[in-house]
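Since the structure of chain A is provided, determine the placement of chains B and C on it from the hints.
Residue numbers (the numbering used here), protein chains in the order written: chain A, 2 to 409; chain B, 106 to 274; chain C, 273 to 480.
Where hints are given, some of them may not hold.
[As the list claims (entries may be wrong)] When the alpha-carbon atoms are kept at most 25 Å apart in a straight line, the in silico SDA-like pairs for lysine to any residue are as follows:
hint, chain 1, residue 1, chain 2, residue 2
1, A, Lys249, C, Ala430
2, A, Lys102, C, Arg293
3, B, Lys261, B, Ser139
4, A, Lys105, A, Thr332
5, C, Lys316, A, Ala230
6, A, Lys360, C, Asp297
7, A, Lys251, C, His352
8, A, Lys360, C, Asp292
9, A, Lys383, C, Lys316
10, A, Lys53, C, Gly408
11, B, Lys270, B, Arg166
12, A, Lys157, B, Asp253
13, A, Lys251, C, Gly396
14, A, Lys249, A, Val265
15, B, Lys207, C, Ala430
16, B, Lys207, C, Thr436
17, B, Lys257, B, Ser126
18, B, Lys177, B, Ser139
19, A, Lys360, A, Thr332
20, A, Lys53, C, Gly396
21, A, Lys249, C, Ala366
22, C, Lys284, C, Ser306
23, A, Lys154, A, Ala134
24, A, Lys360, C, Ala336
25, A, Lys105, A, Lys360
26, A, Lys154, A, Lys105
27, A, Lys105, A, Glu304
28, A, Lys251, C, His319
29, A, Lys154, B, Glu120
30, A, Lys360, C, Ala362
If you are wondering where the hints come from, they were derived from the structure by calculation, not from laboratory data.
Small disclaimer: the values here were computed from a predicted structure and weren't measured.
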Amino acid sequence: MPAEHAFPDSAAKNASGEIEAERMSISMGPSHPSTHGVLRLQMELDGEVVRKAEPVIGYLHRGDEKIAENMTYNQFVPYTDRLDYLAPLANNMAYAIAVEKLAKLEIPPRCQAIRVITAEMARISAHLLGLGAFGIDVGAWTVFLYSFTEREKLYKLFEELTGARFTTSYSRIGGVTRDVPEGWTGRVNAFCEQFLPRLEETLSLLTRSRIFVDRTAGIGVISKEDAIAYGLTGPNLRASGVPLDLRKDKPYSGYEQYDFDVPVGTKGDGYDRYLVRGEEMRQSARIIRQAVARFPGGSWQAEGARRIVAPPKDRVLTSMEELIQNFMIVTEGPQMPAGEVYFEAENPKGALGFFIVSKGGGVPWRLKIRAPSFCNLSILPKVCVGAMMADIVSILGSLDFVMGECDR
Amino acid sequence: MVASNSELAYNSKIEGDVIVSRADAVINWIRSNSMWPMPMGLACCAIELMGVAASRFDIARFGAEVMRFSPKQADVMIVAGTVTYKMSSAVRRIYDQMLAPKWVIAMGACASTGGMYRSYAVLQGVDRILPVDVYVSGCPPRPEALLDALLKLQEKVKREPSASKLLSA
Amino acid sequence: MPAAIDAVAALKARWAGVTDRPSLDHPAVNVPASDLLGVLRSLKEEHGFDMLTDVAGVDWAAGARPRFTVVYHVFSTSRHEYVRVAADCADDAAPELPSAAGLWPGADWHEREAFDMFGIRFAGHPDLRRILMWDGYPHFPLRKDFPLAGIETVLPDAEVVAETGTGAIAAPMAGGPFVAAQGGTNMGDAEPRAKDESWSERRPKPNS
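This is chain A alone, in the form it adopts within the complex:
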């Protein structure tokens, strides 16, 4: 080393006599391709090694909880679309079930089956995007193109069912917006048929890819104890070896009828999280095919939902009773009993919870959204420490979070 490049004698040395370089502060985000939205990481680096990582969130805080307190239960459904905007159908369902618990509504089997099918399709769509984005983060652009091809097919089905590509507002309180179109379940089945081989093809680009394994295996290891202590849920928790899946362990919407496996990781590293998500997509397709195979007939709306949702438009214009009903729901909102309910659903990102405090009337007094991404990200200060700078991108990709839900 030339003398002028050597460290001066005055350079700080630590206890073991090694030279301690000056730490560098780096602000990553809020606009950064691998922060999947507007997460910001304030990091302190010692060379290439991260010594401290402080997530700064709130760049997408839109005030959803305050908005909920200012509108009726029905009016809030579109806002749930925009929490985890990769799986709006699953969010709609979680919110609807939470309010139905408050209203004590029994949901008919057909509606439950529709909800299960849509929620599992949403899971596939969310995991596909997570996979594609993870691929980009570690340098595999092709995966993104493959997964978006499949997502567009899903969007086509969503659009046929709900009228929108992904801001669906489909599951309403007491039922769904409308029945499934004729032949739709057959097309869903056809999608699953062709999706499974395509999924294998997509995953085969990564699973045995040397580059991908090197970038993810052993990176961002989360122990079982840490995962529980930080409140991780969803694939991130299961990858750490905790077989917790609310669909299995606390079934809702008729999930107990379906036969599916819960994949569980062993190491809790980024590669395990990737494998768990891949397997979950296969299981979701399995659930969808079962639900389609025994798709029940009957009503797609709960009997008691008449006091909650607006009546059909043609009836409103012709019948006095429905006109009054329509007026009441628009003016006062659906009348709910007073009380407190908390419901969590197994969403693609983890357990999405709604805690509703009602004082009666058509407006919630307080609606707290328990966002899985919020809890999943809270472990970042722990898991990033000691990682190389380049691994941060891989860790973020493997945690697969959505800021809309994290910040609300």
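Frame of chain A; chains B and C shown alone:
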């Protein structure tokens, strides 16, 4: 009399290699067909923005597939999603770092007006902090709508007096 | 759900201050602030409720006593049951509770959020700062006396403010959101009307 500079006179040998045009037309033609976007992906609209870049809609057909997160390399900022007050200063700083000429597309209701988020935390339209060229309606807009916005922006760029701007700058 | 009911019974037997809380689903208890950490620790270590899933602040409106309550939801990853624990803040002007961040590191962010939104302080919290709004934001948005539209505030970045000349303004509600008054009103009053925020950027708020 023979012209000393043969390039100034008619030369049949280079006929067909020369196109006479206005500088504006040439500059605008180049600019409008290679707009590199700065994807300011903030919320839900960013997913449709990714969809535009992906296989089915393929924004590369319009010369705008080169998404650059570095503002120095970008020409058009696509503000896709809700701009909150906390985020607004970052958006403005990134806009300031982009090199002129630069354009802005406000994608979706939130970026255009605040949309359905009339609340204490949301900037009510990104045009409060930076000039917007094209607004796209929708929550989120379909990918086709964004492509249409890009075409609209290209039309707008083609009408700009680019040469005089360059000379006066 | 036997495990959760057993746990609640054991808590009530051990702490005199622990009382049943009305609930439509999971077993729930009211806990005085002084016993809160003991109850949570007992739930975690003796009854197997090892995951803190949610911490939610609630504001019962200005003038209510007590005004602020914090509701914890704990979950057992082995028995798959929830228990709801609610603790009232004794002081309405400067609400404070002990922090659960020592029990669950995941409580750290939840408590920061409750502080950010309601101004509830958590004693013993390692780093109690705002989390969703920016540092230096002067209000607590989820308090009931804070309007949905927001209150005019200066943005944090002075340079950007100087360049653009804007700040955080109260959102123009332009006649929305259309909601009825809450519960038990007669039809005439219940007609949907704009809350008292029906002014726009150009038209100033009446009577203020």
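Hints and how they fare:
1. About 52 Å separates the Cα atoms of Lys249 (chain A) and Ala430 (chain C), which puts this hinted pair outside 25 Å; it is violated.
2. Taking the CA atoms of Lys102 (chain A) and Arg293 (chain C), the gap is about 17 Å. The hint holds against a cut of 25 Å.
3. This hinted pair checks out: Lys261 (chain B) and Ser139 (chain B) have alpha carbons roughly 14 Å apart, not beyond 25 Å.
4. At roughly 22 Å between alpha-carbon atoms, Lys105 (chain A) and Thr332 (chain A) fall within 25 Å of each other, so this suggested pair holds.
5. Restraint check for Lys316 (chain C) and Ala230 (chain A): the C-alpha separation of about 10 Å stays at or below 25 Å, so the hint holds.
6. Among the hinted pairs, Lys360 (chain A) with Asp297 (chain C) is consistent with the structure: their alpha-carbon atoms are about 16 Å apart, no more than 25 Å.
7. For the given pair, Lys251 (chain A) sits about 7 Å from His352 (chain C) by alpha-carbon distance, which is consistent with the 25 Å threshold.
8. For the proposed pair Lys360 (chain A) and Asp292 (chain C), the alpha carbon gap of about 18 Å is at most 25 Å, so the pair holds.
9. Annotation: proposed proximity of Lys383 (chain A) to Lys316 (chain C) holds, straight-line Cα distance about 22 Å (limit 25 Å).
10. The straight-line distance between the Cα atoms of Lys53 (chain A) and Gly408 (chain C) is roughly 23 Å, inside the 25 Å bound, and the hint therefore holds.
11. A threshold of 25 Å between alpha carbons decides the hint, and for Lys270 (chain B) with Arg166 (chain B) the separation of about 28 Å lies outside it, so the pair is violated.
12. For the hint linking Lys157 (chain A) to Asp253 (chain B), the alpha-carbon distance of about 20 Å falls within 25 Å, and the restraint holds.
13. A hinted pair counts as satisfied when its Cα atoms are at most 25 Å apart, and Lys251 (chain A) with Gly396 (chain C) does not qualify at roughly 34 Å.
14. Proximity of Lys249 (chain A) to Val265 (chain A) is assessed by CA-CA distance (about 13 Å); at most 25 Å being required, the pair is judged to hold.
15. Note on Lys207 (chain B) and Ala430 (chain C): the hinted pairing holds, with a Cα-Cα distance of about 24 Å set against a maximum of 25 Å.
16. Between Lys207 (chain B) and Thr436 (chain C) the CA atoms are separated by roughly 17 Å; this keeps the pair inside 25 Å, and the hint holds.
17. Between Lys257 (chain B) and Ser126 (chain B) the alpha-carbon distance is near 23 Å, which keeps this suggested pair within the 25 Å criterion.
18. Between Lys177 (chain B) and Ser139 (chain B), the direct Cα distance comes to roughly 15 Å. Compliance with the 25 Å bound is thereby established for this hinted pair.
19. Only pairs whose Cα atoms come within 25 Å are accepted, and Lys360 (chain A) paired with Thr332 (chain A) is accepted, the gap being roughly 17 Å.
20. The hinted pair formed by Lys53 (chain A) and Gly396 (chain C) meets the criterion: a straight-line CA distance of about 22 Å does not exceed 25 Å.
21. Distance restraint check for Lys249 (chain A) and Ala366 (chain C): the Cα-Cα separation of roughly 43 Å exceeds the 25 Å cut-off, and the hinted pair is therefore not satisfied.
22. Proposed proximity of Lys284 (chain C) and Ser306 (chain C) is supported: the alpha carbons are some 15 Å apart, at most 25 Å.
23. With a C-alpha separation of about 18 Å, the suggested pairing of Lys154 (chain A) with Ala134 (chain A) holds against the 25 Å cut-off.
24. For a cut-off of 25 Å, the pair hint linking Lys360 (chain A) to Ala336 (chain C) stands: about 14 Å separates their Cα positions.
25. For the hint pairing Lys105 (chain A) with Lys360 (chain A), the CA-to-CA distance comes to about 15 Å; that is within 25 Å, so the pair holds.
26. Annotation: proposed proximity of Lys154 (chain A) to Lys105 (chain A) is violated, straight-line Cα distance about 36 Å (limit 25 Å).
27. Between Lys105 (chain A) and Glu304 (chain A) the alpha-carbon distance is near 11 Å, which keeps this suggested pair within the 25 Å criterion.
28. A distance of roughly 19 Å separates the Cα atoms of Lys251 (chain A) and His319 (chain C); the hinted pair therefore holds under the 25 Å criterion.
29. For the hint linking Lys154 (chain A) to Glu120 (chain B), the alpha-carbon distance of about 52 Å lies beyond 25 Å, and the restraint is violated.
30. Only pairs whose Cα atoms come within 25 Å are accepted, and Lys360 (chain A) paired with Ala362 (chain C) is accepted, the gap being roughly 22 Å.
Taken one by one, the earlier hints fail for this structure at numbers 1, 11, 13, 21, 26 and 29, listed in ascending order.
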